[in-house]
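Participant: From first to last, the protein sequence lines are chains A and B.
Our numbering runs 7 ahead of the 1-based position in the first sequence.
Our numbering runs 250 ahead of the 1-based position in the second sequence.
Among the hints, erroneous ones may be present.
Example chain B residues on the side facing chain A (calculated, C-beta under 7 Å, incomplete) [stated by the list, open to error]:
(1) Arg346
(2) Ala368
(3) Leu377
(4) Tyr399
(5) Gln401
(6) Ile405
(7) Ser408
(8) Val454
(9) Glu503
(10) His509
(11) Leu510
FYI, nobody ran anything at the bench for these hints, they're computed from the structure.
Ideal Cβ positions, reconstructed from N, Cα and C, are used throughout, including at glycine.
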Amino acid sequence: MAELKLVNIKKVYDNNVVSVENFNLEIRDKEFLVLVGPSGCGKSTTLRMIAGLEEISSGDLFIGDKRVNDVPPKDRNIAMVFQNYALYPHMDVYNNMAFGLKLRKFKKDEIKKRVDNAAKILGLESLLNRKPKALSGGQRQRVALGRAIVRDAEVFLMDEPLSNLDAKLRVQMRAEIQKLHSRLQTTTIYVTHDQTEAMTMATRLVVMKDGIIQQVGAPKEVYDEPDNVFVGGFIGSPAMNFLNGKLVGNHFVMDDVKLLVPDGRLKILRQQGYDGKDIILGIRPEDINDEQVFLDFSPETKVNASIEVAELMGAEIILYSQVNNQNFVARIDSRFNISAGDTIDLAFDLSKAHFFDKETEQRIK
Amino acid sequence: MIEQLKEIYSTLIVYKDGSNQLGLDYKWFATENDEIIGIRNDELTSKDVSLLTTFLSPYNVKFPTPTEVERNWREIIFSSVLKKEDNNWKPSNPFRFVYFAFNKNQIEPVLFKDAIEALFDKQVPILWESEHEGFIIEQQMMEEESISYEQIIDILMSDLYVKINFFVGPYKKDIIELTPHYNSLTNVAKRVFLYTNKSVVTYVEAIPFILTKQTEEGLRLDISKTILQEYINDEETIKMIETFFNCNLNLSETAKILHLHRNSLQYRLDRFVEKTGIDIRQFHDAKTVSLALLARK
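Pulled out of the complex, with its shape left as it was, chain B reads as follows:
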């Protein structure tokens, strides 16, 4: 359909995530397949618009007008080295990039920004990658009452009815090598949620994911088979081990969550040692099994 429309409207473009924002000089429509297409306003008559809206949904995304601080950040991150030197603006406090993503077409970026600013009680720079993902730039303020990103998710879910994932980057004190840092975070952020069901992942938590992803697929499979042995497809044991790791190797806590007696859990861990020679109650063994579990995914 898009090809046919292109024959009629030569200015037709398909919007891609991460590209420039949706320009105001285009009229935007969503197709049945959720593709966003734009046609230049000067190529459309009101009759054309009426006709197109009979089979396409008008698509209006209003991004918040970038603030001066947001423009500065964009310039620092995306401009050339030479320009960076010309730019005297520097963040006053340590800062971190926090990636966010929610489902397409669920909320308007303007509403999201309003809610985030209400949560932090101040203007928070947001760099939009598309209408459903981007980076919050959070400045470290020691005196602030802190609020976790898990709490933020619940607040936004109850107010905006939207499920959000956050990937929380590490704090940085200066803007040296900011572009590769930003690009690297973007790369990780877009993949990390394939490995976990958690809604908030920190950079530290993501390191094992990143390293595992770098490993060649055959080797990953080999590692998981060698370490997990006969348990590789034993979902019940795998769930037990994952819960044990999530509980910081705390037996009582794990037993409580799994509704097992502590002794039953001990027994099952002993069986795992008998079969594999690996005792996940020991840090180094636990670390290896944790990587093998990631390699299995």
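So here's chain A without its partners, still in its complex pose:
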């Protein structure tokens, strides 16, 4: 088991492109940490620097108490799992798991012990004689996990391991990896661009954009209290709505639409001098309600909306509409029969909304 510490890590490529900058993070022992962000945000580069596959341009990387910047990858006691299953096509499952150990000249008995143990953990015992082409995608990915488990490493590094699987299998494997983590308790760093994967699997999330950490926190914390517009928009599906307006008196004003700002939020905005200034309102689709009780309770946050698209998702309906020519999405209970073309009242629950600075896009708190 191991803790990791990344101090002022920076990666600059030969063509002077800065891939990761000012990266500071402590990863706790046994933690399942997820690096999430859009393509090109530097998450895989960070993972590869931890693995030793990419040189660190500046900064310090510690595994345990040891600075490992100059330690070769093979001596860092890590194991990696990739998006490609990374299996030898001509070898059966047993030999696929054993081969890395054979290369390292482990004794036969030890190899057998480790492979049998990994196969038991992953439920691969009956598949040990099969070759990869005779396995399903999920089984192949389990073998890839087995190849990592047999290393008995201190840290697992996983780079988008579920991206090649179809949606259903991905959900299944997500649960399997979580179970595996709670069983093995190995510190795991997991890279994904899929915010759902990140939210459901992480002990803590690290949201990245353009090589810079945007926010670190538990999934619920990041979801409920995004530090900036990017995080608010990236985490959550459908994404958080952002509406441009101005704080005038007690209201968030979008031309002729006025929404009453709750006292607590108002106090913070005023204290920070936003009275009369342009700000961004961020509100999650589920915090826009159509139930009568909400409409009665907060008549001054009510918006009359013409529904452009209504997507029935089963238990809920996703509504697409506009307020003051700005698009927004609401997620409401599907008990109410609403279709495109309907005009309905919707209450914006501003007690759960966030306000962001128009210039910096940082949350006003």
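On the provided structure of chain A, position chain B as indicated by the hints.
Facilitator: What follows is chain B alone, placed relative to chain A:
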């Protein structure tokens, strides 16, 4: 330090990449600057070795013993024309040279060869240029289950903890003019990765790199300025265009990767047309901008 040592050990040589393999009649050491030096065994006593290892790291590279097939390939590629005619050996299938390179001192060549042979499930000739680069000679086998070099990279990374680049040459059916072909590939392979962050580059993909490299630097700069105009230093737009090209001019795919709405991407491409008169949604314009982007690097 090397000069001082040379005064003491007259047989001292510095190993250079691409030169002959590290001979067994020398004792090899790595200096602090990662230079590899060798001193003939007969000039060293055990005391000398003990003393040298206090400030130098012993350096042991074991190359796999060349197989007969590898020796044949070497002879065909590196021997004189006359000798080639004497050599009756010919490859049985179309073949291609696949250049590989990994960081120095990361894995032993023997381990690399074992892993490559496990991947192809047969003996694969490897011609070593140095202890960290060389050519795999891959024979085309139609019935084989194919495995991409991208997958091979991931497999080797997870087993050998090493980052590898591959430059995949074109298939050849015969050994005519093999030496210039090999030399040309070597030349390209050693430069191509300066132009791209991709780990696997094929010969076809490398052609624009090669042509751009042949162009005089002033002209390259002029081309990139003329074509990209005000966007030449606009990294965000450049990234958008590169992503668009990587997605084979597919708008939806590009928008998804860049986390943009498809209409926003359309709008930005329209703006590019307005400012430059070039519509990269059209093949010929895209081709020119692609070359201008390479010229900019």
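Participant: Would you check whether serine 408 of chain B satisfies its interface hint, that is, whether its CB is within less than 7 Å of any CB in chain A?
Facilitator: holds (5 Å)
Participant: Report holds or violated for the interface hint on glutamine 401 of chain B, using the least CB-CB distance to chain A and a cut-off of 7 Å.
Facilitator: Since chain A brings a Cβ to about 5 Å from glutamine 401 of chain B, closer than 7 Å, the hint holds.
Participant: Going by Cβ atoms only, is leucine 377 of chain B closer than 7 Å to chain A?
Facilitator: Result: violated, 22 Å to nearest chain A Cβ.
Participant: For the restraint on histidine 509 of chain B, tell me whether the closest CB of chain A is nearer than 7 Å.
Facilitator: holds (5 Å)
Participant: With a cut-off of 7 Å on the beta carbons, see whether isoleucine 405 of chain B makes it to chain A.
Facilitator: holds (4 Å)
Participant: Taking the least C-beta to C-beta distance, is leucine 510 of chain B closer than 7 Å to chain A?
Facilitator: Violated, because the Cβ-Cβ distance from leucine 510 of chain B to chain A comes to roughly 10 Å (cut-off 7 Å).
Participant: Close enough to count: is the Cβ of valine 454 of chain B nearer than 7 Å to one in chain A?
Facilitator: violated (22 Å)
Participant: May I ask you to test the interface hint for glutamate 503 of chain B with respect to chain A, counting a Cβ-Cβ separation under 7 Å as satisfied?
Facilitator: violated (11 Å)
Participant: Please verify that hint: alanine 368 of chain B, Cβ, nearest Cβ of chain A, below 7 Å or not.
Facilitator: With a closest approach of 5 Å, the alanine 368 of chain B hint holds.
Participant: Restraint: tyrosine 399 of chain B near chain A, CB-CB cut 7 Å. Satisfied or not?
Facilitator: violated (11 Å)
Participant: Return the status of the interface hint for arginine 346 of chain B: holds when the least beta-carbon distance to chain A is below 7 Å, violated otherwise.
Facilitator: Hint violated; arginine 346 of chain B Cβ to chain A Cβ min 19 Å, cut 7 Å.
Checked against the numbered hints above, the structure breaks hints 1, 3, 4, 8, 9 and 11 and satisfies the rest.
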